[in-house]
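Engineer: Going by the working numbering, the first residue of the sequence shown is number 8, and it counts up by one from there.
Misleading hints may appear alongside valid ones.
Straight-line distance between alpha carbons at most 27 Å, and here's what the computed DSSO-like set of lysine-lysine pairs gives [to be verified]: (1) Lys105 with Lys29; (2) Lys90 with Lys61; (3) Lys90 with Lys75; (4) Lys63 with Lys90; (5) Lys75 with Lys105; (6) Lys75 with Lys61; (7) Lys75 with Lys63; (8) Lys105 with Lys90.
Simulated from the structure, these hints should not be mistaken for laboratory data.
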Amino acid sequence: MYGFYPNGYRRFPITTEPGDIKLFQYSAMQFLRPAQELQHLLHIIASQPHFARKIKEAASLNQTDTVKRLIRSTGVTTLADAKFTPDGLLVIFQPEDKQACFAIRLSLCW
Numbered sequence: 008m009y010g011f012y013p014n015g016y017r018r019f020p021i022t023t024e025p026g027d028i029k030l031f032q033y034s035a036m037q038f039l040r041p042a043q044e045l046q047h048l049l050h051i052i053a054s055q056p057h058f059a060r061k062i063k064e065a066a067s068l069n070q071t072d073t074v075k076r077l078i079r080s081t082g083v084t085t086l087a088d089a090k091f092t093p094d095g096l097l098v099i100f101q102p103e104d105k106q107a108c109f110a111i112r113l114s115l116c117w
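Assemble the whole structure, with the sequences as input and the hints as a guide.
Structural biologist: Structure follows, in structure tokens:
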């Protein structure tokens, strides 16, 4: 019925009061800036072949710091990490304030 869950999947209860939405709203508010930065980064990669090529070349040379520097050069300030494989690029955005609960993972194939 549930694949790898022969006894069903047990849903854990929400540990906070359902009426308390402060952290939920705060996390959503803090999400906006990284989401805008993500959109801007995607626009630059999509519209500037030279920039996209520089990122891919740096990744092919295993230059992680260069890849991160190039990403930050677009105005990204909420970059937590950038990783790459022969298949593509993974960019992770996290909030500056660790109390906000979210992470954005962007995965692009070369």
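Engineer: Hints first: check each against the structure and report whether it holds.
Structural biologist: Against the structure, the hints:
no., hint, result
1, Lys105 with Lys29, "holds, 15 Å"
2, Lys90 with Lys61, "holds, 15 Å"
3, Lys90 with Lys75, "holds, 9 Å"
4, Lys63 with Lys90, "holds, 12 Å"
5, Lys75 with Lys105, "holds, 21 Å"
6, Lys75 with Lys61, "holds, 12 Å"
7, Lys75 with Lys63, "holds, 12 Å"
8, Lys105 with Lys90, "holds, 21 Å"
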